[in-house]
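**Student:** Hey, can you work out the whole structure from these sequences and the hints?
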Amino acid sequence: GAGVSQTPSNKVTEKGKYVELRCDPISGHTALYWYRQSLGQGPEFLIYFQGTGAADDSGLPNDRFFAVRPEGSVSTLKIQRTERGDSAVYLCASSPGTGIKDEQFFGPGTRLTVL
Amino acid sequence: SQQGEEDPQALSIQEGENATMNCSYKTSINNLQWYRQNSGRGLVHLILIRSNEREKHSGRLRVTLDTSKKSSSLLITASRAADTASYFCAPDSGTYKYIFGTGTRLKVLA
Numbered sequence: 001g002a003g004v005s006q007t008p009s010n011k012v013t014e015k016g017k018y019v020e021l022r023c024d025p026i027s028g029h030t031a032l033y034w035y036r037q038s039l040g041q042g043p044e045f046l047i048y049f050q051g052t053g054a055a056d057d058s059g060l061p062n063d064r065f066f067a068v069r070p071e072g073s074v075s076t077l078k079i080q081r082t083e084r085g086d087s088a089v090y091l092c093a094s095s096p097g098t099g100i101k102d103e104q105f106f107g108p109g110t111r112l113t114v115l
Numbered sequence: 001s002q003q004g005e006e007d008p009q010a011l012s013i014q015e016g017e018n019a020t021m022n023c024s025y026k027t028s029i030n031n032l033q034w035y036r037q038n039s040g041r042g043l044v045h046l047i048l049i050r051s052n053e054r055e056k057h058s059g060r061l062r063v064t065l066d067t068s069k070k071s072s073s074l075l076i077t078a079s080r081a082a083d084t085a086s087y088f089c090a091p092d093s094g095t096y097k098y099i100f101g102t103g104t105r106l107k108v109l110a
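Protein chains in written order, with my numbering: chain V, 1 to 115; chain A, 1 to 110.
There's no promise every hint is true.
Claimed, not checked - Among chain A residues calculated to face chain V with C-beta under 8 Å, some are: (1) A19; (2) Q33; (3) R41; (4) L43; (5) H45; (6) K97; (7) Y98; (8) T102; (9) G103.
Note that these hints are calculated values from the structure, not bench results. Where is the CB? At the ideal position from N, CA and C, for every residue including glycine.
**Tutor:** Set out below in C-alpha cells:
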C-alpha cells in the first residue's frame with residue numbers, strides 16, 4: 001500500500017548542471033501531476049499526465065524543463081542548465097483519473113538546491 | 001482552473017481552541033477540496049465538499065460552502081499541536097488543474 005514516492009528527497013547541484021527528479025505514483029493511478037513550490041508559496045502547477053501523454057504542460061516555466069512518463073507509471077522531471085531560481089521543492093501527485101475529479105495523493109517532494 | 005485564496009495568511013492559537021480559516025474563489029465550482037501541508041513537504045487531502053453540499057464533517061474538521069458568496073471555511077475544533085501546518089483550498093471548476101493560493105499557516109501553541 002505504498003503512496004507516491006519521489007527520489008531523491010534532496011538534490012544539490014551547481015548552476016548549469018542537468019538534473020532528473022523521479023516520481024513513482026500509486027499503482028494504477030493514471031493521472032500524474034508535477035508542482036513546484038517555493039518558500040512561503042502554494043504549489044505551482046507544472047504539468048499533468050493522463051497515461052503516457054502530457055495532457056497539459058502549460059505550467060512548465062521554459063524549455064529547460066521537460067517531463068516524461070513513457071510507460072504511464074513512473075515519471076521523470078528533467079531540468080537542463082539549472083539556474084539558482086530553480087531552487088524549490090518539486091512535488092509529484094497522482095490520482096486515479098477515473099474521469100471524476102479525485103483527490104490528489106502527493107509525494108513527499110524533492111528539495112532541489114541550485115548553488 | 002481557478003485559484004483559491006486563503007485567509008488569514010497566518011493564524012496562531014492555543015491548544016484546545018478552535019481554528020477557522022477561509023477560502024474565496026471567483027467562478028462556479030463542482031467541488032472544493034482542502035489540503036494540509038506539514039513542513040513544506042507533500043500535501044495531504046483533508047476533505048472534499050461538493051457544490052450541492054453546505055456543510056461536511058470529518059472528525060474534528062468541519063467545512064462549509066457558500067456558493068452564493070463563493071467562499072468556504074474550514075473549522076478545526078479542539079486544536080492540537082499536531083495541527084500546526086499550512087492549509088490550502090482547491091476549488092474545482094471541472095478541470096484537472098489546481099491553482100493553489102499561498103495558504104493559511106496555522107500555528108497551535110502547546
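**Student:** Each hint: holds or not?
**Tutor:** Verification of the supplied hints:
Annotation: interface hint on A19 (chain A) violated; nearest CB of chain V at approximately 19 Å, more than 8 Å. Because the smallest distance between the Cβ of Q33 (chain A) and any Cβ of chain V comes to about 6 Å, under 8 Å, the interface hint for this residue holds. For R41 (chain A), the shortest C-beta to C-beta distance to chain V is roughly 5 Å, which falls under 8 Å, so the interface hint holds. With its C-beta approaching chain V no nearer than about 4 Å, L43 (chain A) sits inside the 8 Å limit, and its interface hint holds.
Because the smallest distance between the Cβ of H45 (chain A) and any Cβ of chain V comes to about 4 Å, under 8 Å, the interface hint for this residue holds. The beta carbon of K97 (chain A) comes within 6 Å of a beta carbon in chain V, closer than 8 Å, and the hint placing it at the interface holds. The interface hint given for Y98 (chain A) holds, since its Cβ lies 7 Å from the closest Cβ of chain V, which is under the 8 Å cut-off. Given hint, T102 (chain A) at the interface with chain V, holds; its Cβ is 5 Å from that chain's nearest Cβ, closer than 8 Å.
For G103 (chain A), the interface hint holds, the least distance from its beta-carbon to any beta-carbon of chain V being 5 Å, beneath 8 Å.
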